[in-house]
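Colleague: Keeping their order, the protein sequence lines are chains X and P.
If you're matching positions, the first sequence starts at 1 in my numbering and goes up one per residue.
If you're matching positions, the second sequence starts at 1 in my numbering and goes up one per residue.
There could be a bad hint or two in this list.
[Claimed, not checked] Only pairs whose alpha carbons sit at most 27 Å apart, straight line, appear in this in silico DSS-like list of lysine-lysine:
{"hint": "1", "chain 1": "P", "residue 1": "K289", "chain 2": "X", "residue 2": "K112"}
{"hint": "2", "chain 1": "P", "residue 1": "K262", "chain 2": "X", "residue 2": "K121"}
{"hint": "3", "chain 1": "P", "residue 1": "K238", "chain 2": "X", "residue 2": "K46"}
{"hint": "4", "chain 1": "X", "residue 1": "K121", "chain 2": "P", "residue 2": "K294"}
{"hint": "5", "chain 1": "X", "residue 1": "K109", "chain 2": "P", "residue 2": "K289"}
[What the hints assert, rightly or not] Covered stretches of chain X, as calculated for chain P (at least 3 residues, CB under 8 Å):
{"hint": "6", "segment": "75-86"}
{"hint": "7", "segment": "110-117"}
Simulated from the structure, these hints should not be mistaken for laboratory data.
Note that CB positions come from ideal geometry on N, CA and C, so glycine has one too.
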Amino acid sequence: MARKFAIFVEGQTERVFLSELITNFSGNLGVEIVEKRLNGGRRFEKIFIEIDARKIGSGQNIYILIIDCGSNDRVLSEIRDQYESLIDAGYDKIIGLRDVYPLNYNSVKRIKEGMLQFLPKGALEVQIYLSVMEIETWFLAEQSHFLKFNRKLTPKEIESILGFKIIPSSIEKHYHPSESLDKIYNSIGIKYDKSLGLVNRIVQFLDMDYLDTHISLEVKHLGYFISGIKDILSEDHA
Amino acid sequence: MFQEGEWTADFIHNNQKYKYIIGISDFLVKEEIFRQGRRTLLRRGPDGVGRIRLEKKGELVDFQTPTDQVASVSRRDSLQHSFFSLLNDWGNNVLFFQFGTPMGRNEISVIAKDGPVEFDPLNTDRVLVVFREGMKKYDIQFKQSIIFDMERLGYFIKDIGARTPIDIKVQGPVQGELLGLYIVEQGLGEPVDQNQISQGMFRALSVVIQLNFAILSRDTACILIDDIGEGLDFQRCKAIVEFLMEKSKESNLQLIMSTNDKLVMNMVPLNYWTVLSREEREMNIHNFKNSREKFENFSYTGLNNFEFFSSGYIEN
Numbered sequence: 001m002a003r004k005f006a007i008f009v010e011g012q013t014e015r016v017f018l019s020e021l022i023t024n025f026s027g028n029l030g031v032e033i034v035e036k037r038l039n040g041g042r043r044f045e046k047i048f049i050e051i052d053a054r055k056i057g058s059g060q061n062i063y064i065l066i067i068d069c070g071s072n073d074r075v076l077s078e079i080r081d082q083y084e085s086l087i088d089a090g091y092d093k094i095i096g097l098r099d100v101y102p103l104n105y106n107s108v109k110r111i112k113e114g115m116l117q118f119l120p121k122g123a124l125e126v127q128i129y130l131s132v133m134e135i136e137t138w139f140l141a142e143q144s145h146f147l148k149f150n151r152k153l154t155p156k157e158i159e160s161i162l163g164f165k166i167i168p169s170s171i172e173k174h175y176h177p178s179e180s181l182d183k184i185y186n187s188i189g190i191k192y193d194k195s196l197g198l199v200n201r202i203v204q205f206l207d208m209d210y211l212d213t214h215i216s217l218e219v220k221h222l223g224y225f226i227s228g229i230k231d232i233l234s235e236d237h238a
Numbered sequence: 001m002f003q004e005g006e007w008t009a010d011f012i013h014n015n016q017k018y019k020y021i022i023g024i025s026d027f028l029v030k031e032e033i034f035r036q037g038r039r040t041l042l043r044r045g046p047d048g049v050g051r052i053r054l055e056k057k058g059e060l061v062d063f064q065t066p067t068d069q070v071a072s073v074s075r076r077d078s079l080q081h082s083f084f085s086l087l088n089d090w091g092n093n094v095l096f097f098q099f100g101t102p103m104g105r106n107e108i109s110v111i112a113k114d115g116p117v118e119f120d121p122l123n124t125d126r127v128l129v130v131f132r133e134g135m136k137k138y139d140i141q142f143k144q145s146i147i148f149d150m151e152r153l154g155y156f157i158k159d160i161g162a163r164t165p166i167d168i169k170v171q172g173p174v175q176g177e178l179l180g181l182y183i184v185e186q187g188l189g190e191p192v193d194q195n196q197i198s199q200g201m202f203r204a205l206s207v208v209i210q211l212n213f214a215i216l217s218r219d220t221a222c223i224l225i226d227d228i229g230e231g232l233d234f235q236r237c238k239a240i241v242e243f244l245m246e247k248s249k250e251s252n253l254q255l256i257m258s259t260n261d262k263l264v265m266n267m268v269p270l271n272y273w274t275v276l277s278r279e280e281r282e283m284n285i286h287n288f289k290n291s292r293e294k295f296e297n298f299s300y301t302g303l304n305n306f307e308f309f310s311s312g313y314i315e316n
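The following block holds chain X by itself, in its conformation from the complex (with noise of 0.2 Å):
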């Protein structure tokens, strides 16, 4: 019987990555991903729609559920309002990632402490990782990407453009990445609006194997997350 795992995401830039990044890990495993979008749930009633669902090898004995929740401050209250039918459904495992900007990074034990308090707690194992500042700080991370839309892009363009280096074991203290992705691309004629057309090529363009390698290796909360990822790919008992 497969396994079963829902990730809430706050967003589509979230959701594209964490789908390219499952799809990258997942190897020879057979693995089903749905990825799912909630709209309504403020005035109209919550419906969730699906915006994807796609096979990966053959076997399928994990199936990853993706809700991109739309909004920072609805990860955890999702994950508290669908914990009950996630365990009726049989599912194993929660999975939660949130930004934490606006918050600065000074608030990252804070958030952790603050989250832990309302996680719920029962049958189903929950785990809130974060995006320290925003998910961009792990795309400015990996500067290769940059090179593949426009050769001009190298690291010493983007020091120049940026006014600073790019470290990846110091890069998320840097508070706004979201602003300076924008920065880079906007030299090259491009204004990164979060649109899914530039978020597709973003991700394609992503080295994702580099990102496991090395660079989740310095910037310690990517680390942790593909850690997890890879964590709920290893519990295939095929």
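Start from chain X and add chain P according to the hints.
Modeller: For chain P alone, coordinates are given in the frame of chain X:
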């Protein structure tokens, strides 16, 4: 008079800070303090005895007031204690809207041909009268501000005025002119009378007219809206809450909104909240000022504002 409780209110008026404290026990005032900065204007205890400032002499004198009376109300005096007028005027001039009601849509006015029109700016159902008064005093500026603000709410009107509604007939003689509001929407040529305007749109119009009149006619205005957003769809509710918050930042408007609506709660930053929770006959009040640590800690949980209320976090 309330049965029991303690309240502290901080005010700022003309860059001067004021603090008012009142404690009530068993329907009697046990403590009452009013300060302007560090200067005591009034202080009295449970026996009604205290000190009060005489403005003409610039000094504090002994006084006694009945224990079942609030001194800042009963001692109001424009010569010696004019400072109480600040408190009383603020309290007496609150514009109170019950958003879940017709808010004047069902009221048509009969305006006498000669003689003055009774004008009570605090009667929020008599929106036509407020509109006419606003037009009389502020003319095109008033109308333009209404049209502009309605557009901010997603209602595009090109004109607004008062006329006899075309489909309302009154039996018997009328001692004056029968008037109601009308609007002309952009893209539509014909005026639409207030009884034909949708309830949601009229509620927005009523608030916009009275808000703009209050801002133009007074230094400051306190608006209390109960059940904000009631009856409005998602977009309109979002628009009116955002509009009211922006308007209060742009002007000297003091805005108080009450709600149990999830959308509204998620829109208003937590530091503006006051949470009221009742247990039997006891009302507990938590706000950023008296529960700062809890409010601040919650911002780190990653939960939305509604959960601050629904999880019972603040009471635990």
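Colleague: Each of the hints needs a verdict: does it hold here or not?
Modeller: We went through each hint and held it up to the structure:
no.	hint	result
1	K289/P <-> K112/X	holds (25 Å)
2	K262/P <-> K121/X	holds (24 Å)
3	K238/P <-> K46/X	holds (17 Å)
4	K121/X <-> K294/P	holds (22 Å)
5	K109/X <-> K289/P	holds (24 Å)
6	75-86	holds (count 4)
7	110-117	holds (count 6)
Violation of the numbered hints given earlier is absent; every hint is satisfied by the structure.
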